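The primary structure of each chain is shown beneath.
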Amino acid sequence: MSSNYETIIGLEIHVQLATHSKAFCGDDARFGGAPNTQVSAISLGHPGTLPRLNRRQVEFAARLGLALDCAINLVSTFDRKNYFYADLPKGYQITQDRQPICVGGHIKIDTAEGTKTICLHHIHMEEDAGKSMHDADPHHSLIDLNRAGVPLLEIVTEPDLRSADEVDALMSAMRQLVRYLDISDGNMEEGSMRCDCNVSVRKQGDTHLNNRCEIKNVNSMRFARRAIEYEVQRQIGIMEAGGTVKQQTLNFDPETGITTPLRSKEDAHDYRYFPEPDLPPVVITPQQLEQIRTELPPLPWALRARLRTQYALPEYDTQLLTEEKAVAQFFLALAQCTTQYKAAANLMINKILPWCQEQKVAIEQFPVAHAALASFIELIDTGQVSNSNAYQRIFPQLIEQPERTPLAIAQDLNLLQTADEDFLESIVDAVIAKNPDKVAAYRKGKKGLLGFFVGEVMRQSKGKAEPKTTNALLIKLLEKQ
Amino acid sequence: MIDENLISRLEELARLELSPEEKKALLHELQNILALVEKMEELDTTGVEPLIYINENLSALREDVIAHQVSREDALRNAPDSDGTFFKVPKVIDLK
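First to last, the protein sequences are chains A and B.
No gaps in the numbering here: position 314 of the first sequence is 314 in my numbering, and each next residue is one more.
No gaps in the numbering here: position 65 of the second sequence is 65 in my numbering, and each next residue is one more.
Okay, chain A solo, but in the shape it has when bound (with noise of 0.2 Å):
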C-alpha cells in the first residue's frame, strides 16, 4: 500500500547562533544557564525598549547564504509575527517575512541513489523565546525566558526530500556545515538545531501536491525518523479510507509515538505580520559581503573533492576526514610532511582519532606533531619497521613522549627490522627444522604455506625481520631439497 504513495517534505531548520549576546539586545546568549538570569528589560519585553540587531548575526546569515549558493539580499527587513504565548514576551517575534536576507541556494546531499540537490526557499535571521515547564507545577507553566531573544537563523527548504532518510542526510550535512562556518555549535540535544517537518503524500505519478501537516519542534533525527513515519501511514490511513488530509499542526510525543494536533482551533494560525517599526532595514554593503566571502573557510564538499584528487584518497576517507573541520585540517597539515597520503589516512583513521575519541581530547590538542607523526610514516614505508611494531609499540610511546623521534623509539624497543642475511637465515633454518611436515607438503606443491612460514619468522623474530628479504631467504632455503 505505502509504495503507490509517495512521501513530500520540507523542513524549517531553526539553528541557534554561536553569539556572545543575543539577536536584539546584549544578553548573555549563552546556552544552560540559571534559569532567569541571562535576561534585560528587552528581552523582558518592558515597554519603551527597542531593540538594536547584533552585527554578527547579519555577518553569519550572510557566512551561511554564501556557502549554501544563496542570493543575498543587501538590504533585507524584519516583521513582527504577532502571536500570545506565555514564553513571548513582547507578544510578537521579530522575524523576517517580505524581504529575507537570503533567498534561493542549495545543497547536495549523499542517498542511497547517491548525490541529490536539495534547494532552499530562503533563510531568515529572527530570535527564539523562552523556554515553559509544564510538568515541574500542578497548576502552573513556569517560564525560563534566558533564551528569549537568542539570534536564530532560519532555513526553509523546498518540498524537495522524499523519507526520513533525506531528512537524515540533510539535517546532517546542515550540521556539519554550520560547524565549518563556526556560526553554530549544531546541537540537536541541546536545541541548538531543530526543524519543523512539512509531511504530505500524493500517489506515485501525481504532480500536484496534497494538504501538508506541519510536525513541530522535532529535536532529534530519532524522533523525526518516528514521527515522519507515524504521520506518513496516518495520511495514507486517511486517504486509503477516501477521506481528505486536513492541513495542521501537529505535536510529535516521542512516549506514544504518535502526532496530535497541536492547535486545537484550525483559524488560531493567525500571526497578523506587519513591518517592524523599531527596526529600520538592514544594509550589507557589497565590499561588506566581498569581505565576508573571502573569509570563507574551505567547505565539507571542497574538501572532500580535494581529498579525492589531489591525494587520492577513497571515497570512505575522505568522508571521515572531513567529518570536523579540525580533523580535514590536521590531515591537510599532516600531508604537507610526507607524501605517503593513503598511510597518512590510514594512521588518522585507524590511530589517531580513536585515540582522541577515547581520551576526549580534540584534534588540535593531539601531542605528537605533525613531523614526527610523517617520519612514523617513513619508517614503516620504508620498511625499518613492521606494521604491527609500529602500530601496535611505537606509537603508544610516540603519545607517551611526543619529544622523541620515532626513529629513536624504535631503536630503543629494539623494533628495527634487519635484512641482514645471517641473521635470517638462522631463524629460518630454526623455522624449517621445527615444521617438516609442512616443509615436505610445501615442496610437494602447496605453495599456499609460505604465508605460513613469513609468519613464523616473523613471530621468532619479534617483527623485526624485513618481509621482502624474509620472503626471499624462505623460498631459496624451501626451494633447496
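Any given hint might turn out to be false.
Mimicking DSS-like on lysine-lysine, the simulated pairs with C-alpha atoms at most 30 Å apart in a straight line are [to be verified]:
#, chain 1, residue 1, chain 2, residue 2
1, A, LYS81, A, LYS216
2, A, LYS446, A, LYS434
3, B, LYS24, A, LYS81
4, B, LYS88, A, LYS216
5, A, LYS216, A, LYS108
6, B, LYS91, A, LYS131
7, A, LYS246, B, LYS91
8, A, LYS81, B, LYS39
9, A, LYS90, B, LYS91
10, A, LYS116, A, LYS342
11, A, LYS90, B, LYS24
12, A, LYS476, A, LYS447
13, A, LYS81, B, LYS91
14, B, LYS88, A, LYS90
15, A, LYS360, A, LYS325
16, B, LYS23, A, LYS81
17, B, LYS88, A, LYS81
Derived coverage of chain A by chain B (criterion: at least 3 residues anywhere in the stretch with Cβ under 8 Å from a Cβ of chain B; other residues may be distant) [unchecked claim]:
#, stretch
18, 8 to 21
19, 81 to 89
No wet-lab data here; the hints were simulated from the structure.
All figures in this text were calculated on a predicted structure; none of them were measured in a lab.
Beta carbons: idealized from backbone N, C-alpha and C, even for Gly.
Got chain A; can you put chain B on it based on the hints?
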C-alpha cells in the same frame, strides 16, 4: 468587511474581553477607519513604493558584546507570580 464576527475574532486574537457596548463602539470605529482607507485606495499609486519607514535611517548595528543584563530578582519583580526562580503563569494546556 467589518462585522460582528470579525470583531469577535479580533477580540480573541488580541486576548481582550469586550462588553457588548464596547464591541458596538469598536465596530463603528473600525468601519470608519476602513472607509477612510477605502477612500485612499481610490488614488492611483502605480509605481509608488509603499512607505513603510518614516525616515530613511538604516539599522544601527550593535557590537556582539554582553551588556545591560538585570538580576533575576529585578527580572521577576514585576511578575504577577513567580517562585523566585521562574515566572509562574496559569497552566498552558497546549498538548492533548
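Item to check | Hints violated by the structure (listed by number, smallest first) | outcome: none
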